[in-house]
Amino acid sequence: MLAFLFILFAGMAVSCALAMVAQRNPLYSAISLIGVFVSLACLYIMLAAPFIAAVQVIVYAGAIMVLVVFVIMLLNVEHEERRAPRLKFLVPVAVVLAAVLIAEVAFILVTVRDFGAPVSNVGLTHSIGSSLFTIYLLPFEITSILLLMAMVGAMTLARRGGLLSANARVVPGSQQLPLSIVDPRAEPDDLRVVETDTTDEAARLLGVEGVRDQSKRD
Amino acid sequence: MEPQLSWYLALSAVLFTIGVTGVIIKRNIIAMFMCIELMLNAVNLTFVAFASFFQDVTGQLFVFIVMTVAAAEAAVGLGIIIAMFRNRETLDVDDASILKL
Amino acid sequence: MDTTIDIILKFAAITVVFVVVLLVVAYTVLAERRILGFIQGRLGPNRVGPGGLLQPFADLLKFILKEDIVPDKSTRFVYFLAPVIATMAALMTMIVYPFGPETRIPFTSITIPLVVARFDVALLYVLGVTSVGVYGIMLAGWSSNNKYSLMGGLRSSAQMISYELALGLSLIGVILLTGSLDLTQIVDRQSAWYGARWLILLQPLGFIIYMIAAIAETNRVPFDLPEAETELVAGFHTEYSAMKFALFFLAEYINMFTVAMLATTLFLGGWNFPFIESILGRGTFLFGLVSAIIFLLKVCLILFLYIWLRGTLPRFRFDQLMNFGWKILLPLALLNIFLTATLIVLFPNL
Numbered sequence: 609m610l611a612f613l614f615i616l617f618a619g620m621a622v623s624c625a626l627a628m629v630a631q632r633n634p635l636y637s638a639i640s641l642i643g644v645f646v647s648l649a650c651l652y653i654m655l656a657a658p659f660i661a662a663v664q665v666i667v668y669a670g671a672i673m674v675l676v677v678f679v680i681m682l683l684n685v686e687h688e689e690r691r692a693p694r695l696k697f698l699v700p701v702a703v704v705l706a707a708v709l710i711a712e713v714a715f716i717l718v719t720v721r722d723f724g725a726p727v728s729n730v731g732l733t734h735s736i737g738s739s740l741f742t743i744y745l746l747p748f749e750i751t752s753i754l755l756l757m758a759m760v761g762a763m764t765l766a767r768r769g770g771l772l773s774a775n776a777r778v779v780p781g782s783q784q785l786p787l788s789i790v791d792p793r794a795e796p797d798d799l800r801v802v803e804t805d806t807t808d809e810a811a812r813l814l815g816v817e818g819v820r821d822q823s824k825r826d
Numbered sequence: 381m382e383p384q385l386s387w388y389l390a391l392s393a394v395l396f397t398i399g400v401t402g403v404i405i406k407r408n409i410i411a412m413f414m415c416i417e418l419m420l421n422a423v424n425l426t427f428v429a430f431a432s433f434f435q436d437v438t439g440q441l442f443v444f445i446v447m448t449v450a451a452a453e454a455a456v457g458l459g460i461i462i463a464m465f466r467n468r469e470t471l472d473v474d475d476a477s478i479l480k481l
Numbered sequence: 012m013d014t015t016i017d018i019i020l021k022f023a024a025i026t027v028v029f030v031v032v033l034l035v036v037a038y039t040v041l042a043e044r045r046i047l048g049f050i051q052g053r054l055g056p057n058r059v060g061p062g063g064l065l066q067p068f069a070d071l072l073k074f075i076l077k078e079d080i081v082p083d084k085s086t087r088f089v090y091f092l093a094p095v096i097a098t099m100a101a102l103m104t105m106i107v108y109p110f111g112p113e114t115r116i117p118f119t120s121i122t123i124p125l126v127v128a129r130f131d132v133a134l135l136y137v138l139g140v141t142s143v144g145v146y147g148i149m150l151a152g153w154s155s156n157n158k159y160s161l162m163g164g165l166r167s168s169a170q171m172i173s174y175e176l177a178l179g180l181s182l183i184g185v186i187l188l189t190g191s192l193d194l195t196q197i198v199d200r201q202s203a204w205y206g207a208r209w210l211i212l213l214q215p216l217g218f219i220i221y222m223i224a225a226i227a228e229t230n231r232v233p234f235d236l237p238e239a240e241t242e243l244v245a246g247f248h249t250e251y252s253a254m255k256f257a258l259f260f261l262a263e264y265i266n267m268f269t270v271a272m273l274a275t276t277l278f279l280g281g282w283n284f285p286f287i288e289s290i291l292g293r294g295t296f297l298f299g300l301v302s303a304i305i306f307l308l309k310v311c312l313i314l315f316l317y318i319w320l321r322g323t324l325p326r327f328r329f330d331q332l333m334n335f336g337w338k339i340l341l342p343l344a345l346l347n348i349f350l351t352a353t354l355i356v357l358f359p360n361l
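Residue numbers (the working numbering), protein chains in the order written: chain G, 609 to 826; chain A, 381 to 481; chain U, 12 to 361.
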């Protein structure tokens with residue numbers, strides 16, 4: 609009975625993972641990954657870890673993947689564009705290595721003798737809570753600071769900045785770049801080279817021209 | 381027969397390998413990010429399996445911390461992806477080559 | 012042999028709960044239309060059957076027989092998947108609510124608690140499954156290939172994930188006071204002192220925050236901007252017709268029912284009612300039946316509160332809604348946790 613359940617959930621996890629890697633549309637990849645997370649949560653329940661299973665569904669399937677699907681929808685990513693030139697001679701190598709992996713897995717499954725799994729009681733909320741808040745209190749507190757850092761970082765990255773418009777591109781340093789990168793109004797394949805000096809660019813975009821000349825005069 | 385510890389470890393290895401393959405093959409940065417999450421989950425499965433078979437709760441606590449770190453990484457990573465998209469209008473990793481010699 | 016009886020009992024329990032839920036939800040739709048009618052000074056539907064009692068079946072027939080329209084350029088697989096996810100996530104939470112105490116099935120000697128599944132992390136399970144329900148709405152908005160649907164879907168899912176936080180935090184006070192995540196145990200802890208241990212008396216602020224967050228989670232007035240008829244056409248379910256729209260409609264009302272059941276279990280004492288246990292005796296079949304009926308009556312009370320709010324309040328604008336969720340409700344929920352923790356430290360015998 610348990611072996612049947614294990615094969616069911618493991619099969620679901622592996623097939624959803626393969627579907628995720630094989631799909632071209634990133635939204636379908638995201639849905640397959642949600643399938644992987646849910647089947648892993650079922651495996652955790654079989655391993656006497658109900659708290660971790662619930663947290664897995666809440667955090668991974670319910671929060672992280674919601675964020676990923678949001679980003680996919682907002683950026684309107686449809687499908688992968690032009691195929692990369694693949695090195696044809698590596699395909700047989702990949703097949704051989706995959707066969708080696710499958711052979712190793714089969715060897716493990718057949719020859720390694722059993723570890724004798726009694727159903728354990730370690731995963732109950734009570735035991736997790738009592739360990740988390742006594743022995744492992746320091747990692748817990750550090751994790752909270754880590755989350756604060758992540759929040760501040762994400763908000764800083766996604767902010768559009770005060771004075772620049774949404775389409776402004778300020779490139780660092782003085783360099784020679786194609787016009788298509790520097791000027792958002794140019795054609796995307798306009799490859800005329802211009803010299804950009806960040807201070808002048810920024811001054812023009814920010815609308816504070818002439819300030820630099822003042823400093824030169826001093 | 382009951383599922384053995386080796387079964388769970390084999391499943392974890394297979395999932396991890398699929399994740400690595402995805403990171404190598406994919407060119408869309410969001411898909412690469414999702415394959416990294418798959419790798420993290422494979423490792424989580426290993427920890428929980430050992431915690432159950434050795435009757436020690438430390439494995440599950442580590443999984444708790446790994447999930448929190450993955451959530452933080454997801455937030456910051458997607459912020460970087462959005463910033464990259466705003467500058468380049470494309471999510472192809474091969475186009476992010478300004479620093480290339 | 013024992014496991015076979017267990018499995019048969021579980022399947023029977025699931026079937027009973029499923030049928031009861033669907034019936035109650037169908038009649039909630041009818042009740043809403045009648046009560047809204049009375050609030051607005053008119054009668055609701057009262058033609059079909061005595062007093063309109065067969066109206067849900069007429070609605071069901073209409074939904075089944077309508078033409079199923081699929082938009083041309085939509086993403087087919089995701090378009091069909093979205094209402095399925097929404098309904099599944101709504102139905103999966105039914106199994107953890109305790110409808111009654113341990114009762115003895117008549118003519119046998121089997122004693123079962125009146126709950127389908129009893130496990131350690133039931134409250135987290137409910138929170139997790141409602142988090143997965145957000146996908147139904149998001150994918151519906153995206154796959155319809157319609158800008159109004161997309162906007163409605165994005166707004167609705169942003170609202171849902173924002174208020175999930177306040178919902179979860181408001182439940183921490185309950186967990187602190189009862190010391191368990193198991194819903195059966197939470198109800199058992201509320202069964203002393205003739206109703207004075209119901210958590211609504213010990214956690215009034217928590218109850219208010221929970222109700223507001225729950226109304227926002229289920230996309231009801233005053234938080235129903237993403238799907239109101241006068242706003243974005245019909246929001247994320249604009250392009251859905253016939254049976255798929257019926258699934259979304261069903262999912263919304265089942266969500267309402269779920270949230271009302273959770274409120275009853277956590278705050279209103281579940282199946283408890285003062286003096287019933289001393290009259291009827293513990294563990295008898297009659298006690299179990301009366302307790303289940305009392306539970307359903309309390310749930311209907313909260314559903315009436317939902318419908319009453321729909322007839323009375325105007326709706327929030329979207330930025331007001333997000334402002335309220337993040338800047339007012341979340342700090343209030345944190346304040347509630349601090350107050351509860353302080354009270355527990357000061358009065359450990361609570």
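In case anyone wonders, no lab produced these hints; they're calculated from the structure. Backbone N, C-alpha and C fix where the C-beta goes; we use that ideal spot for every residue, glycine too. Incorrect hints may appear among the rest.
Claimed, not checked - Sample of chain G residues at the chain U side, in silico, Cβ under 7 Å:
| no. | residue |
| --- | --- |
| 1 | 658 |
| 2 | 665 |
| 3 | 666 |
| 4 | 669 |
| 5 | 674 |
| 6 | 677 |
| 7 | 702 |
| 8 | 705 |
| 9 | 706 |
| 10 | 733 |
Comparing the hints with the structure gives:
1. 658: Since the shortest Cβ distance to chain U is 5 Å, the answer is holds.
2. 665: This interface hint holds because 4 Å falls under the 7 Å limit.
3. 666: Holds - the Cβ of residue 666 of chain G comes within 7 Å of chain U, reaching about 4 Å at its closest.
4. 669: 6 Å, holds
5. 674: 6 Å, holds
6. 677: 6 Å, holds
7. 702: 29 Å, violated
8. 705: Because about 32 Å separates residue 705 of chain G from the closest Cβ in chain U, which is outside the 7 Å limit, the hint is violated.
9. 706: Cβ of residue 706 of chain G sits 28 Å from chain U, so the hint is violated.
10. 733: At about 5 Å, which falls below the 7 Å cut-off, the nearest Cβ of chain U leaves the hint on residue 733 of chain G intact, so it holds.
When each numbered hint is compared with the structure, violations occur for hints 7, 8 and 9.
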